[in-house]
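Next come the chains, spelled out residue by residue.
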Amino acid sequence: MDLRLGVAGEATAQEQAAVTSVLGPAEGGWDGGQRTAADGHAAFGGHAARARRHLLLPVLHAVQEQIGWISPAALDYVCARLTIPPAEAYGVASFYAMFSTRPAPSTVVHVCDDIACQVAGAERLCEQMEHRFGAERTETGANGAGVAWQRSPCLGQCDRGSAALVQRAGGDPARIALAPFEPGQIRPSVSPALAPHDGPLVPQATGDRASLRLLRRIGQADPHSLGSYRAAGGYEALRQAMSVGPQGVIRELKDAGLLGRGGAAFPTGVKWEAVATHPVRPHYVVCNADESEPGTFKDRVLMEEDPYAVIEAITIMGYACGAEQGYLYIRGEYPLAEARLRHAAAQARGYGFLGEGIMRAGFAFDIEVRRGAGAYIAGEETALVNSIEGKRAEPRNKPPFPAQSGLFGKPTAINNVETLLSVIEVLRIGGPAFAQIGTASSTGTRLFCLSGRVERPGLYEHEFGITLRQVIDAAGGMRDGRPLRAVLLGGAAGSFVGPDALDVPLTFEALRTIGATLGSGVVFVLDDTVDVSAIVARIARFFRDESCGQCVPCRVGTVRQEELLGRLARGAPLGSAERELALLDDIAAVARDASICGLGQTAVSAAISAARLGLIGADREEPT
Amino acid sequence: MFGAGGGTSSYREAEDADLIVLWGSNAREAHPIFFHHVLRGIRRGARMYCVDPRRTTSAQWADAWLGIHVGSDISLANAIGREIIRAGLVNEEFVRRATTGFDAYASAVEDYPLERAERDTGVPAALIRQLAHDYARADRAQLCWTLGITEHHNAADNVFALINLALLAGHVGRYGSGLVPLRGQNNVQGGGDMGAIPNKLTGFQDIETNMQARARFEAEYGVALPPKRGMHLSQMFEAMETGDLTACYIVGENPVRSEADTGRARKLLGGLAHLVVQDMFLTDTAALADVVLPATATWCEAEGTVTSSERRVQRVRKALEPPAGARDDIEIICELARRLGRDWGHPSAEDIWNELRGLSPMHAGMSYRRLEELGGIQWPCPDEQHPGEMFLHARLWETDPARRGAPAPFTPVEQEPPLDELSEEFPIRLTTGRRLDSFNTGVQSGQYNTPIRRPETLNMAPEDAARLGLAEGDLARVSSRRGSLDAPVHLDDSLRPGLAFMTLHFPEQVATNVLTLDAWDPKSGTAEFKATAIRVGRAEMLTSGGGSERAEVIP
Numbered sequence: 002m003d004l005r006l007g008v009a010g011e012a013t014a015q016e017q018a019a020v021t022s023v024l025g026p027a028e029g030g031w032d033g034g035q036r037t038a039a040d041g042h043a044a045f046g047g048h049a050a051r052a053r054r055h056l057l058l059p060v061l062h063a064v065q066e067q068i069g070w071i072s073p074a075a076l077d078y079v080c081a082r083l084t085i086p087p088a089e090a091y092g093v094a095s096f097y098a099m100f101s102t103r104p105a106p107s108t109v110v111h112v113c114d115d116i117a118c119q120v121a122g123a124e125r126l127c128e129q130m131e132h133r134f135g136a137e138r139t140e141t142g143a144n145g146a147g148v149a150w151q152r153s154p155c156l157g158q159c160d161r162g163s164a165a166l167v168q169r170a171g172g173d174p175a176r177i178a179l180a181p182f183e184p185g186q187i188r189p190s191v192s193p194a195l196a197p198h199d200g201p202l203v204p205q206a207t208g209d210r211a212s213l214r215l216l217r218r219i220g221q222a223d224p225h226s227l228g229s230y231r232a233a234g235g236y237e238a239l240r241q242a243m244s245v246g247p248q249g250v251i252r253e254l255k256d257a258g259l260l261g262r263g264g265a266a267f268p269t270g271v272k273w274e275a276v277a278t279h280p281v282r283p284h285y286v287v288c289n290a291d292e293s294e295p296g297t298f299k300d301r302v303l304m305e306e307d308p309y310a311v312i313e314a315i316t317i318m319g320y321a322c323g324a325e326q327g328y329l330y331i332r333g334e335y336p337l338a339e340a341r342l343r344h345a346a347a348q349a350r351g352y353g354f355l356g357e358g359i360m361r362a363g364f365a366f367d368i369e370v371r372r373g374a375g376a377y378i379a380g381e382e383t384a385l386v387n388s389i390e391g392k393r394a395e396p397r398n399k400p401p402f403p404a405q406s407g408l409f410g411k412p413t414a415i416n417n418v419e420t421l422l423s424v425i426e427v428l429r430i431g432g433p434a435f436a437q438i439g440t441a442s443s444t445g446t447r448l449f450c451l452s453g454r455v456e457r458p459g460l461y462e463h464e465f466g467i468t469l470r471q472v473i474d475a476a477g478g479m480r481d482g483r484p485l486r487a488v489l490l491g492g493a494a495g496s497f498v499g500p501d502a503l504d505v506p507l508t509f510e511a512l513r514t515i516g517a518t519l520g521s522g523v524v525f526v527l528d529d530t531v532d533v534s535a536i537v538a539r540i541a542r543f544f545r546d547e548s549c550g551q552c553v554p555c556r557v558g559t560v561r562q563e564e565l566l567g568r569l570a571r572g573a574p575l576g577s578a579e580r581e582l583a584l585l586d587d588i589a590a591v592a593r594d595a596s597i598c599g600l601g602q603t604a605v606s607a608a609i610s611a612a613r614l615g616l617i618g619a620d621r622e623e624p625t
Numbered sequence: 016m017f018g019a020g021g022g023t024s025s026y027r028e029a030e031d032a033d034l035i036v037l038w039g040s041n042a043r044e045a046h047p048i049f050f051h052h053v054l055r056g057i058r059r060g061a062r063m064y065c066v067d068p069r070r071t072t073s074a075q076w077a078d079a080w081l082g083i084h085v086g087s088d089i090s091l092a093n094a095i096g097r098e099i100i101r102a103g104l105v106n107e108e109f110v111r112r113a114t115t116g117f118d119a120y121a122s123a124v125e126d127y128p129l130e131r132a133e134r135d136t137g138v139p140a141a142l143i144r145q146l147a148h149d150y151a152r153a154d155r156a157q158l159c160w161t162l163g164i165t166e167h168h169n170a171a172d173n174v175f176a177l178i179n180l181a182l183l184a185g186h187v188g189r190y191g192s193g194l195v196p197l198r199g200q201n202n203v204q205g206g207g208d209m210g211a212i213p214n215k216l217t218g219f220q221d222i223e224t225n226m227q228a229r230a231r232f233e234a235e236y237g238v239a240l241p242p243k244r245g246m247h248l249s250q251m252f253e254a255m256e257t258g259d260l261t262a263c264y265i266v267g268e269n270p271v272r273s274e275a276d277t278g279r280a281r282k283l284l285g286g287l288a289h290l291v292v293q294d295m296f297l298t299d300t301a302a303l304a305d306v307v308l309p310a311t312a313t314w315c316e317a318e319g320t321v322t323s324s325e326r327r328v329q330r331v332r333k334a335l336e337p338p339a340g341a342r343d344d345i346e347i348i349c350e351l352a353r354r355l356g357r358d359w360g361h362p363s364a365e366d367i368w369n370e371l372r373g374l375s376p377m378h379a380g381m382s383y384r385r386l387e388e389l390g391g392i393q394w395p396c397p398d399e400q401h402p403g404e405m406f407l408h409a410r411l412w413e414t415d416p417a418r419r420g421a422p423a424p425f426t427p428v429e430q431e432p433p434l435d436e437l438s439e440e441f442p443i444r445l446t447t448g449r450r451l452d453s454f455n456t457g458v459q460s461g462q463y464n465t466p467i468r469r470p471e472t473l474n475m476a477p478e479d480a481a482r483l484g485l486a487e488g489d490l491a492r493v494s495s496r497r498g499s500l501d502a503p504v505h506l507d508d509s510l511r512p513g514l515a516f517m518t519l520h521f522p523e524q525v526a527t528n529v530l531t532l533d534a535w536d537p538k539s540g541t542a543e544f545k546a547t548a549i550r551v552g553r554a555e556m557l558t559s560g561g562g563s564e565r566a567e568v569i570p
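One line per chain: the protein sequences are A and B, in this order.
For the first sequence, my numbering assigns the number 625 to the last residue and increments by one with no breaks.
For the second sequence, my numbering assigns the number 570 to the last residue and increments by one with no breaks.
Hints are computed from structural coordinates only; laboratory data are not their basis.
Check each hint, because a few of them may be wrong.
Unchecked claim - Chain B regions said to be covered by chain A (calculated; three or more residues, Cβ under 8 Å):
| hint | stretch |
| --- | --- |
| 1 | 71-81 |
| 2 | 134-141 |
| 3 | 505-512 |
Stated by the list, open to error - Label-pair ranges, simulated between beta-carbon atoms:
| hint | chain 1 | residue 1 | chain 2 | residue 2 | range |
| --- | --- | --- | --- | --- | --- |
| 4 | B | A312 | A | A38 | 47 to 53 Å |
| 5 | B | E487 | A | T13 | 19 to 25 Å |
| 6 | B | R55 | A | A590 | 34 to 40 Å |
The model shown is predicted, which means the values in this text are computed figures rather than measured ones.
In this text, a Cβ means the ideal position worked out from N, Cα and C, and glycines have one as well.
Could you build all of it, start to finish, from the sequences and the hints given here?
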């Protein structure tokens, strides 16, 4: 294109090699390669060139991983290779937290200080990091050498006490998740002593293992072995799906009453049917594995410990929806889950469970794993679709819904990991049998991410209808027997409930009546030792950071919320605390009514619920 | 086309086309509004070819760019025509029913096999073949061009070469298929429609052959019209040279800057016995005038109409009072008439428009009220019930010969290289064009700032600059057979070696037309701005302050 990023100069050989590792060698001068005489009289581009736009994120990942930052010259080279205007590519590169468009040290440690880690002492870790490596990294930094650290939103390791993600330019692996994390693991001179953990700490259910449905293979089957997965009943569900046919699968899902676990609780069978019957082709299916809701780690455990089940479930989704291509979009903070999924997909391909002629049934299907780059909003399904297309992860206006016009403008089914594993269970036991589990309108089981002040944080599977009290009891009850102060249900986008909600059954319908939501299954338990206003402030900072900025009520409202909560915490309200809380109500109402996506609509709900419970504001009790 | 001086299609047809060919047109920069429609078409799946010596920003949107040598358009078009015929892709039904002269055309293009076109244009034969097949096979195809086709000594032949292709493939007279010459201003089309062409009365009525129209005008005006057409611009300059033309009244035009061979234009205009210039600005031409008549800005200080490239007549409304001393063009002309002894009164713009509607059948149905109600009307619009025509020549598809009317003729044309030949002394081909944020000589666009405006440069292929030892920003001496000037070098990889580019936007800084050749097309009167042979070297650094015009004429 005609615009350039200032006087960028030439991309280095290393940078070009990073780009080439994804795109292959350049074809000629118009493609970023050497200019030849033939280039003077012909060039090809247009639709074919722009169709490669979706490779932008993979290319930026390659540059970021191998060089440590994305220089203007590298970005210019990427643009020449992909026919993307530099302004647009810069807009994408600067949108995602894991891409650096400024020089950066070779090792960057992202220390989680989000809600769960904060309760577990993240501030202490940050102090230690500051002591060892200096102040938190701001925008500028040294190029190519040394260690820098910065605070990070939730890394999805909330059951482990502390977490960090290490990005190492040119390292292998280039990203390592550390949980539990100790600053001593990072050494400035030598390569960090980094051993990722193995196995989940506490995969549990109320009763014995026999009651586990989604978690039944966790800890039992080897996540590296397709054989082990098949020995544990793997790929029976796909066989079942093929025996009943695509419409049969959809009928089972409808019989099962399966509702999506991503937050909107939309009937999965209805969604798939809308895609399957849509006349526009091709169809796409997408697994939303961009689990980024603070306090949530369930999908990570499923992907790390049962990756084949995720692959199988996406294959079933593709079969039922009439798609030949599926995508799995996983957040960049989950390197272990990504590696295991890629391995699982490759093995499945090798054994004929992906590719042409799956199970000799004339069904062709494959899955591409796409990695996010640090953007909570990418978990919103239309933002996720934009991200796969190589754009800023900004939500789209709806309608049209993805089932009508999703990925590349085609009918697209999008479900999160937990929903997809529930599909396997539906096919295993049959739709009607699945409908018998849980309650009449909330069927099946639900995964709960227990964190905070409980005895045994971890991932739990319970039937719908269990009460909050039972969920907490199953996790060993309150830590040290302290009294319960509040529970944050559903994550940062959820709301606080008090002890009076302990006996409400955890179902979609019952929670709706008390104005709460199960959201992503977060049960973040607070006792009287926790400074709730600090938690609420962290939530407010989170939304201020993560708002994509498209809708003014969200972009401005999240800033206003953070300022307001700061004034309350400092005991310096404008006017009075009552006036501040009334203003907070106004901000919430505008954000809820006038934002196009769930982020803006729920960005103020936690603070509002905290205020209703008296956890913040003038009359709040000081932590003891 | 086929007797009508306007594009056959509407802008919105580009949105619904399957194939769009931009030929000698950098619409993205020169026609950004039209290009929005093109982009919408592309977003809906239309494929685009771009034929242009430079890989312009428009070409960067194209599925394929054909980087032809300057002035090799006819060879390319004829080869495409031959390939369409040879591949059996002629729209035979259309050609048989609605055209004449196919056989002569077919035998004329026999001399243009793909290999010859590759030699003449530099474009690979396979790519030419691909364009031929895609164009002929497309259900709806728009063939669009601009000054890259018409600013040549054989401009009309170039246009005929393209029309021939549309006839072969039947890409005219149907929704989505058409021939689209893009006009450079909001009202270039209107200027022609109103009779500002030497051989046409208002409404494209021929002054020499259309006796009915002549009679109508003579009856209305009560005078006898001159029997012969007048001179076009290039002929006027020749007449000034011979001394036959001694007085000029110029309205809204800056020929000192816009004419090829500036030195000559300035000399001839300066040597007139009497020069009157009517303009919003004191242009370089006005500076030479004996009398300057300050006029209003017609887009905001006057009532009237403009006509866009899609033949749409639209109302212009007065929004501002003009500055003191500036007067409406109508008022100036009527005042002039009064001083010459004819009182035309004080007609309003609408009065004059209604007079025109009585004389020009294609405007007859366009009352101000209807123009207002319908948001503009596309001519022809013969009566007040007529909605206007979205596209022209639908008649060619009629099965009834009576309704089909006169067939459209093929016009065989032959390739001729540009007149200003490349030689050892002048080895580089200079072509000229526009940039997005500037317009022609800068009279209109130079008044405001834009963030992307760069001063004039000599754009060169990086290879040429390296060979000459010139770097970005170095001052180069550019010489043609007519004159020379200095301009800073800009390395531009949209240019291949041997090709250079300049604009006319900054005549105060660099008077590009010092270099260009005023050879003009006898059929259209357009000068060959697009093909100048130049030599480039390093400028001596002794020049006083930046680039400067050196209109010394090389004998």
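Cross-check of the supplied hints:
Under a criterion of three residues with beta carbons nearer than 8 Å to beta carbons of chain A, the stated coverage of the stretch 71-81 of chain B is upheld, 9 such residues being counted. Note: the stretch 134-141 of chain B has 4 residues with beta-carbon separation from chain A under 8 Å; the three-residue rule is met and the coverage holds. With a threshold of 8 Å between beta carbons, the proposed coverage of the stretch 505-512 of chain B by chain A holds, since 3 of its residues qualify and at least three are required. Checking the proposed 47 to 53 Å range against A312 of chain B and A38 of chain A shows it holds: the Cβ atoms sit about 49 Å from each other.
Separation of E487 of chain B from T13 of chain A is about 21 Å and conforms to the stated range, judged on CB atoms against 19 to 25 Å. Checked against the given bound of 34 to 40 Å, the beta carbons of R55 of chain B and A590 of chain A, roughly 38 Å apart, stay inside it.
Of the hints listed earlier, there is not a single one the structure fails to meet.
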